[in-house]
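*Asks:* Single-letter residue listing:
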Amino acid sequence: MTAIPLAHVLMLASILFAIGFMGVIVRKNTLFMLMSLEVMLNAVGVAFIGAGSYWQQADGQVMFILILTLAAAEVAVGLALLIRLQHKYQSLDIDKLNSMQG
Amino acid sequence: MELILTYLPFYPLISFLILISFGKRLSWQLASFFSVGAMALSAISSGVLVYHLTHIDASVITVHLWEWFNLSTGDSASEILSGVNSTVNISFYLDALSAVMISVVSGIGFLIHLFAAVYMKEDENFSRFMAYMNLFIVAMLILVLADNLVLLYLGWEGVGLCSFLLIGFWYQDKANVKAARKAFIVTRIGDTAMAIGLFMLFKTLGQLNIADLTQTAQQTWEVGNESAYWIALLLLGGAVGKSAQLPLQTWLPDAMAGPTPVSALIHAATMVTAGVYLIARMHGIFLLAPEVMQYVAWLGASTLLLAAFAALAQTDIKRVLAYSTMSQIGYMMLALGAGAWSTGVFHLMTHAFFKALLFLTAGAVILALHHQQDLFKMGGLLKKLPVESALFIIGLICLVALPGTSGFFSKEAIIGSLWSSSTAGPALWWCAILGALLTSIYSCRLFFLAFLGESRFQTSLHVEDSKLLRLSLIILAILSLFGGLISIDFDTVFPVSLSAHQDPSWLHTVAILTPFVGIAFSWFYFSSYRKNQGDNITASSSSLVIFCRNGLGFDWLYQWCLIKPYCALARLNRRDMFDQLIMFNAWYVKMLHETLSASQTGNLRWYAAAIGLGLVGLFTVIMVGVGSI
Amino acid sequence: MITNMMIQSILPQLIIAFGLVLSMLLIAWQRSQRMIQFLTLIIFIIALVANVPIFTIDAIQVTSLLKVDSYSAFTFMLIGLSGVVVTLLSGKYLRTQTEVHDEYYLLLQLVILGASILVVSDHFASLFLGFELLSIALVGLVGYIREDKYSVETGFKYLILSATASSFMLLGIAFIYSQTGDLSFVYHTGLVSGDLPQASVVLLVGSLLFFIGIAFKLSLVPFHFWTPDVYQGSSTPVTMILATISKVAMFTVLMKYWFSWLSYSEAGLFDHDIFMKLLSIIAMLSMVFGNSLALMQTNIKRLLGYSSIAHMGYILIILMVTSSQSINFAWQSALFYLAAYVLASLSIFTVLIVYSSQNSLAINKSSSTDDDITISDWNGLFWRNKTLACLVILSVLSLAGIPLTMGFIGKFYLLTVATQGELWWLIGALIIGSGIGLFYYLRIIFALFNTETSESSVSENNWKIELPVTNHLFIVVLAVVGLFFGIFPDMVTRLIGSL
Amino acid sequence: MMLTIVMLGLLAAGGLAWYFESVKAQSARWISLFSVLGLATFFAVSIISSGSDYSQLNVLVRVPWISAFNIEYALAIDYLSIILMSLTFFLALICILVSWQEIQTKAGFYYFNLLAAIAGIIGVFCAVDLFLFFFFWEVMLLPMTAIIAIWGHEKRHFAAIKFFIFTQVSSLLMLVAIIAMAYLHYDQTGLISFFYQDWLLLDIPLDMARYLMFGFFIAFAVKLPSVPVHSWLPDAHTQAPTAGSVLLAGVLLKTGAYGLIRFVIFLFPEASQEFAPIAMTLGVVSILYGAKMAFAQQDSKRLVAYSSISHMGFVMLALFAFNTLAYQGAVITLVAHGISSAALFALAGMIYNRIHSRNLKDMGGFWHSAPRMGGFALAFAGAAFGLPGLANFVGEFLSLAGAFQIAPVFVIFAAFGLIGSAIYGMMLFQTSFQGPPTTVVNDLSSRELLIVGSLFILLVFFGLYPNAVLQYVQGVQL
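Residue numbers (numbering that gives the first Met the number 0), protein chains in the order written: chain A, 0 to 101; chain B, 0 to 628; chain C, 0 to 498; chain D, 0 to 477.
By construction, these hints were calculated from the structure, which means they are not laboratory data.
Ideal placement from N, C-alpha and C gives every residue a C-beta, glycine not left out.
There's no promise every hint is true.
Said to hold, decoys possible - Derived DSS-like pairs (lysine-lysine); straight-line CA-CA distance at most 30 angstroms:
{"no.": "1", "chain 1": "D", "residue 1": "K360", "chain 2": "B", "residue 2": "K173"}
{"no.": "2", "chain 1": "B", "residue 1": "K177", "chain 2": "D", "residue 2": "K360"}
{"no.": "3", "chain 1": "B", "residue 1": "K563", "chain 2": "D", "residue 2": "K291"}
{"no.": "4", "chain 1": "B", "residue 1": "K376", "chain 2": "B", "residue 2": "K120"}
{"no.": "5", "chain 1": "C", "residue 1": "K148", "chain 2": "A", "residue 2": "K95"}
{"no.": "6", "chain 1": "A", "residue 1": "K87", "chain 2": "C", "residue 2": "K91"}
{"no.": "7", "chain 1": "B", "residue 1": "K383", "chain 2": "B", "residue 2": "K466"}
{"no.": "8", "chain 1": "B", "residue 1": "K177", "chain 2": "B", "residue 2": "K376"}
{"no.": "9", "chain 1": "D", "residue 1": "K360", "chain 2": "B", "residue 2": "K563"}
{"no.": "10", "chain 1": "B", "residue 1": "K23", "chain 2": "B", "residue 2": "K173"}
{"no.": "11", "chain 1": "C", "residue 1": "K91", "chain 2": "C", "residue 2": "K385"}
{"no.": "12", "chain 1": "C", "residue 1": "K463", "chain 2": "D", "residue 2": "K105"}
{"no.": "13", "chain 1": "B", "residue 1": "K589", "chain 2": "C", "residue 2": "K276"}
{"no.": "14", "chain 1": "B", "residue 1": "K173", "chain 2": "B", "residue 2": "K376"}
{"no.": "15", "chain 1": "B", "residue 1": "K382", "chain 2": "B", "residue 2": "K530"}
{"no.": "16", "chain 1": "D", "residue 1": "K105", "chain 2": "C", "residue 2": "K385"}
{"no.": "17", "chain 1": "B", "residue 1": "K383", "chain 2": "B", "residue 2": "K120"}
{"no.": "18", "chain 1": "D", "residue 1": "K154", "chain 2": "C", "residue 2": "K385"}
{"no.": "19", "chain 1": "C", "residue 1": "K463", "chain 2": "D", "residue 2": "K154"}
{"no.": "20", "chain 1": "B", "residue 1": "K382", "chain 2": "B", "residue 2": "K466"}
{"no.": "21", "chain 1": "D", "residue 1": "K291", "chain 2": "B", "residue 2": "K202"}
{"no.": "22", "chain 1": "D", "residue 1": "K23", "chain 2": "C", "residue 2": "K385"}
{"no.": "23", "chain 1": "B", "residue 1": "K173", "chain 2": "D", "residue 2": "K291"}
{"no.": "24", "chain 1": "D", "residue 1": "K360", "chain 2": "B", "residue 2": "K23"}
{"no.": "25", "chain 1": "B", "residue 1": "K530", "chain 2": "B", "residue 2": "K376"}
{"no.": "26", "chain 1": "B", "residue 1": "K466", "chain 2": "B", "residue 2": "K23"}
{"no.": "27", "chain 1": "B", "residue 1": "K177", "chain 2": "D", "residue 2": "K291"}
{"no.": "28", "chain 1": "A", "residue 1": "K27", "chain 2": "C", "residue 2": "K148"}
{"no.": "29", "chain 1": "D", "residue 1": "K360", "chain 2": "D", "residue 2": "K291"}
What the hints assert, rightly or not - Okay, the calculated bits of chain D under chain C, using three or more residues with CB under 8 angstroms as the criterion:
{"no.": "30", "segment": "59–71"}
{"no.": "31", "segment": "127–139"}
{"no.": "32", "segment": "144–155"}
As the list claims (entries may be wrong) - Label pairs and their computed distance ranges (CB to CB):
{"no.": "33", "chain 1": "B", "residue 1": "D122", "chain 2": "D", "residue 2": "G14", "range": "54 to 62 angstroms"}
{"no.": "34", "chain 1": "D", "residue 1": "R61", "chain 2": "C", "residue 2": "I280", "range": "39 to 47 angstroms"}
{"no.": "35", "chain 1": "C", "residue 1": "F37", "chain 2": "A", "residue 2": "I64", "range": "31 to 39 angstroms"}
Whenever a hint applies, use it, and build me the whole structure from the sequences.
*Replies:* Laid out in structure tokens, this is it:
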């Protein structure tokens, strides 16, 4: 099995990351935003794993596990806020949150 | 003697200080006592000094009070080498020229003070008036006694300030205020030229002491030296401003807004002749610049004629006299330009006598007529005010220079010096003759209008029957008539003029006859004024006459060329363009603030997108950077 | 091999971590806000005491993850002191609420732990740990007060944006790692991949992405958008954390990374110049934009948010140091500037907290605190309470960099760095930025003296502000410290110089 | 030590005044008055009794301050600083007397600010460590700004901000130049130094000196002020309370000139020589533009402010003529303008107190009811347009006469300023005191008489005996 070139892995990661980021920008629903964030973080995870395998080191995987933890923590906080948002505005539309400007 | 000289300007100064500090609290008697008394002291001191100077020994008396400042550039070695004494001292220098001046200033000053004490008695600001008059005398004495040009400049500006104060003495009238401002600013233009002249003198000669610098200049410069040319020209600028000569003459007629004693003292007898004094004093420089002397002569001649024409068309008695003053100073300038220094100064003195007399008498007339100055509303005063009329006639015959009067001696001397002078010549001689003719014509016109014919006023006369007033007038009249007999020895001051040329013999005859021609002409031409019945004469309103009456359009010219543009410029830029340029930055920052604030929408998705945009932007920068390397 | 020395050098972090566990136990035992606050305070103080010996030691590598040196000790001191102040003031602030808020202190301790790990990290993994500890805990704090009208909005904004930013940073780390095969900051020879034709470009992009993560936290233009909203929406003690602890920790780690990274550029693997240009552009934009944004702002917390953008722009100048000889001086400058900035921020936020608590007491507002203090609320403050106003003046002057304050010495350091590096463009931007900045700083100060409107709008009985003795003392101490170090900065400069 | 005591004394007195005002109303002004009197006497006595020759800088104190940068607390004085400090003390007294009735609200804090500003100004005149100089330079701004912003007129905040930003931005440029100089010293000697006399020994390459000099020049030109960076001054002067204007015009502007002398001309002689044509042009433009703008103003204080710009143009012209005589002229102009503009502002303040307007249109004919005031107004207007016999004339004359040696063309243009000054001087005097009387105003009270009288006497004294100042600056070689 030939190794997948590192460049391809990075490209894939970048594309995934971009997709996730676009998701954050275009989705109005808060839940989808959180999901897009997950996509971004997982894209980073792919990049780490690819790089780790390229260098034949465990560091990449370690980082990936850390990222997973982070993602979990973030989602936890995010969902809590989401419930509060639903509670307060009866909506998950992020665009309603613009009371502070200028 | 030094002591007397030292104290000379201090008598009026002390009087000034007393009057100004106590102001209205002084009674009329006390105020007059101080001011007139101080002037009497000055006059006596001047007399003693002149006597000493002429009869005892010294040709020059100097007194050093204190060092004002030092113009040394610190490079003492070179200064010692060149022997330049660059200190500017408060020092007085009395020679024949300044002796004439101090006697005129303090003598006539005394008489006019005496007159004014009566004339202004009713004015509520009497003591302030007398204080200004005293201050003027102080400044004038400093001017003529200064041993260096900076001190002279002090006096020069001082008299200007007093003139300003006195023209605007009745400050509640806007016209007076305007006239005062005009006088100050117009003369200031000349003063500035003079100041530049001083700087140039200092730069080229390294000193400003008059006697020393004249000497140095004559030792180091050839005739026609360029520096001398410019310096003389600039000094002439100062003289022209102060003496109301072309092209800075416009202030003098307006200056008649001041009380009449002021017109007599400042704008006829003393201050306006300061320019003549300056040129006479600086003759050493002017001799090195014959071209400038020609300018002086021509300026004098043109002013002489211009003012005479203007005088012909005036309706206000004081304005006639003002133009006449201007014209007479033109004569003095002419004399100076022709190199006849002593005759110029002589005319200065005689003119001071008779013009003071004329003004004061006119003042008495005006007072009698309840401040009526319009000639066309006078008439027939000869019968009603015989004493004043007689005095006025004396003044006038001096002015037109009928033989035997003081004016005759001085004016004939001037005219006589012109023909063969290297810097004047026949053309100017003819100008002077024409001027004399015009002088007699406007004098006659004045006399006929005011004193002959029927009276054209209804009010009863207010006769001030004061002995003091009469006394001062009579002394002046005597001086006017016989002042021509005073002979002054200027040999120590001025170079002896070399009249090697023989003038044509008819010159004298023409000169003597001219005034009579004028009188004869007027007798017929102005016959309607002379024997008018009732109020059928009015001032001519033809455009030529009005043009002459308005001083031949100079006021109008300056209004449009200088004053209006300056005011417009000031008005346009009232908000300060530099400020606006700088405050434009503030506006720019504010715009930036508003733009950026608009980007703070509070919208989360936009914020996230902005991060993306930022990334793209920075990425571009990096890629461009990498690509360029 | 772990030596005693290593343990000692990371003792502060250990103490906080241990304290965190202890706090949780305490909560399990008894829920008392006062007790947990006290415990937090004790923990911070012990950590600070444990930090003292570290000033004198040489740099020490604790595993490959952490590197403790005196610089990090100094920044830890700043962080710890800020923590103490925040703890003290949070008590005041939370007491105006009804619930028991012991989680708040846990989160606070987490923030401090994250920050203290950040400042000693020498490795991307530890950086990541510290960074996320700090961020997640902060998200919790930002949205902490549920009743507050802005809490949800602020919480969401901070959560989403900071998560995005950390994803960027992580992607950057992944890129860098893919090229160097090493997650530590320092370059180890021979580890660079030869596979990719343009290794340095990937490195550059990775660095850029990594930098974006940090820049977001430092709220540098163009990643500054969240700042004013989060500053305004958070409760004031939390804003204080954002303004001080988070900024100090982030900038320290950026400096550490950056100066280690110099070794890469010295090895010719990294195009420093381009990145430098990039940084200068960001710095200049931050200075000018930050100050311009604050120009007409009336809400004080938003205004301080904008001003922090500018300040982070100023301090970025220090990264422009190119030669390794001047790194030492760059560190000193950064530390002094940060110290000055922290002190000024602490002071002004203290006033905000004291003022609003005083105000809410006076007006008897119920549970929800109104933190929207505008400049006009402070009208005439000088005549109402001189101590408060003096502290405001001092801190604002310090932020503006006017003499008599530490801020001026800090600016002097910056200008010295810039002049030595001949960074004329940056100096120009700094001067323009300061000029613009003066406008709004002075507006604040003038409002303090304004007597026209305030007397009528506030009723007579609460016109004068009377402070409790403790608050008063606290404020006086802050003011005196600020003034003292402003006039006699020698003590601080010597301390920094000896590091 | 002596100067430190003076400065600390001023600060302490300010603090006392502030404190005691809250204890007993109206006590602040007495405390300030007596403390300034006392400190001024102390200053005079110690200068005279020291008996040393101050024609060179005498370093009085030199102790380390910030060791990291080798910054020292170093004070030194020479005759120039002594002259300017004496002026400062004198005007400080005037300021206190001027504020006597005018400042009724927050008087304690007001006097604190006033005295603090004066302490800062004294510091500027004697600091020879450039960092310290900059420190004082900024410190004097703060209380000054406070005075404008708190006790000023209707647009005070705008004026104060403008004032502050102008000076601050320009002085940051100076700070950069200072730092660059310190590191130049480091490059040449291996030691950082901010000490002025160390810098004098440096050999500054001309191409660097140009930029460094420009950094200093900008800061001082703003303070002087010179066209085109003058526009803070009319606003600040107009809006400041009377004492603020007096202090600004009388002393604060002098710090700019002082800086030009000490830190531009003496530190960078070659670069300044090279720069001289531009600086002289700026000077001439300031003279003419200031005079023109003064004429255009309706606001009496604004008019005087523009006249200050015009006068300071003479100083700029004279200083950059590099001529001993012009230098003397500049120094005496500083003193004279300090007194005369202070006097004019004091008068404007007195009129404002009476009619509550600064607009010339609201004035007229005051002479009728207030002849004494009119007399003094005329005298001070006379000083402004360079009436011989008053101090300003000597200054202008020496400046121009000296500058004429070097640059006749500039002086000829500058001389037109004499006409311009006459125009605005006359306008100021005539529109307010002459013409038909509009309102009846009270004549000068005895306190006011003391103020204007003492100013006038000094003007006359220096006008007739300028050697009292000149003898101390005569030997200076440029």
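*Asks:* A separate judgement is required for each hint: does it hold in the structure or not?
*Replies:* Status of the hints after comparison with the structure:
Restraint check for K360 (chain D) and K173 (chain B): the C-alpha separation of about 14 angstroms stays at or below 30 angstroms, so the hint holds. For the suggested pair K177 (chain B) and K360 (chain D), the alpha carbons sit about 16 angstroms apart, so the restraint of at most 30 angstroms is met. Restraint check for K563 (chain B) and K291 (chain D): satisfied, since their Cα atoms lie roughly 13 angstroms apart, inside the 30 angstroms limit. A C-alpha spacing of about 25 angstroms is found between K376 (chain B) and K120 (chain B), which places the hinted pair at or below 30 angstroms, so the restraint holds.
Between K148 (chain C) and K95 (chain A), the direct Cα distance comes to roughly 13 angstroms. Compliance with the 30 angstroms bound is thereby established for this hinted pair. Of the supplied pair hints, the one linking K87 (chain A) and K91 (chain C) holds, its CA atoms being roughly 27 angstroms apart against a limit of 30 angstroms. Proximity of K383 (chain B) to K466 (chain B) is assessed by CA-CA distance (about 18 angstroms); at most 30 angstroms being required, the pair is judged to hold. As the CA atoms of K177 (chain B) and K376 (chain B) are separated by approximately 26 angstroms, the hinted pair is consistent with the 30 angstroms bound.
Taking the CA atoms of K360 (chain D) and K563 (chain B), the gap is near 20 angstroms; set against the 30 angstroms cutoff, the hint holds. Among the hinted pairs, K23 (chain B) with K173 (chain B) is consistent with the structure: their alpha-carbon atoms are about 23 angstroms apart, no more than 30 angstroms. This hinted pair checks out: K91 (chain C) and K385 (chain C) have alpha carbons roughly 21 angstroms apart, not beyond 30 angstroms. The hinted pair formed by K463 (chain C) and K105 (chain D) meets the criterion: a straight-line CA distance of about 15 angstroms does not exceed 30 angstroms.
Between K589 (chain B) and K276 (chain C) the alpha-carbon distance is near 27 angstroms, which keeps this suggested pair within the 30 angstroms criterion. The hinted pair formed by K173 (chain B) and K376 (chain B) meets the criterion: a straight-line CA distance of about 24 angstroms does not exceed 30 angstroms. Between K382 (chain B) and K530 (chain B) the alpha-carbon distance is near 14 angstroms, which keeps this suggested pair within the 30 angstroms criterion. Restraint check: the Cα-Cα separation between K105 (chain D) and K385 (chain C) comes to about 13 angstroms, which is no more than 30 angstroms; the hinted pair holds.
For the hint linking K383 (chain B) to K120 (chain B), the alpha-carbon distance of about 23 angstroms falls within 30 angstroms, and the restraint holds. Pair hint K154 (chain D) plus K385 (chain C) holds up; C-alpha atoms about 25 angstroms apart against a cutoff of 30 angstroms. Distance check on the hinted pair: K463 (chain C) and K154 (chain D) sit about 27 angstroms apart at the alpha-carbon level, within 30 angstroms; holds. Of the pairs offered as hints, the one joining K382 (chain B) and K466 (chain B) holds, with about 20 angstroms between alpha carbons and a cut-off of 30 angstroms not exceeded.
At most 30 angstroms may separate the alpha-carbon atoms for a hinted pair to count; K291 (chain D) and K202 (chain B) meet this at roughly 29 angstroms. Using a Cα cut-off of 30 angstroms, the hinted pair K23 (chain D) and K385 (chain C) holds, with the two alpha carbons roughly 18 angstroms apart. Taking the CA atoms of K173 (chain B) and K291 (chain D), the gap is about 23 angstroms. The hint holds against a cut of 30 angstroms. Using a Cα cut-off of 30 angstroms, the hinted pair K360 (chain D) and K23 (chain B) holds, with the two alpha carbons roughly 28 angstroms apart.
Our distance criterion of 30 angstroms between C-alpha atoms is met by K530 (chain B) and K376 (chain B), whose separation comes to about 14 angstroms. Between K466 (chain B) and K23 (chain B), the direct Cα distance comes to roughly 25 angstroms. Compliance with the 30 angstroms bound is thereby established for this hinted pair. Straight-line distance between C-alpha atoms of K177 (chain B) and K291 (chain D) comes to about 19 angstroms, which keeps the hinted pair within the 30 angstroms bound. Between K27 (chain A) and K148 (chain C), the direct Cα distance comes to roughly 21 angstroms. Compliance with the 30 angstroms bound is thereby established for this hinted pair.
At roughly 19 angstroms between alpha-carbon atoms, K360 (chain D) and K291 (chain D) fall within 30 angstroms of each other, so this suggested pair holds. Evaluation of the coverage hint for the segment 59–71 of chain D: fulfilled, as 6 residues show C-beta separations to chain C shorter than 8 angstroms, against a requirement of three. Only residues whose beta carbon comes within less than 8 angstroms of a beta carbon in chain C count, and the segment 127–139 of chain D has 5; three or more means the coverage holds. For a cut-off of 8 angstroms, the count of residues in the segment 144–155 of chain D with a CB near a CB of chain C stands at 4, and the three-residue condition holds.
Distance hint check for D122 (chain B) and G14 (chain D): the Cβ-Cβ separation is about 56 angstroms, which falls inside the suggested range of 54 to 62 angstroms. A C-beta distance of roughly 44 angstroms is found between R61 (chain D) and I280 (chain C), which places it inside the suggested range of 39 to 47 angstroms. As the Cβ distance of F37 (chain C) to I64 (chain A) is approximately 37 angstroms, the hint placing it in 31 to 39 angstroms holds.
Hint compliance for this structure: no hint is broken.
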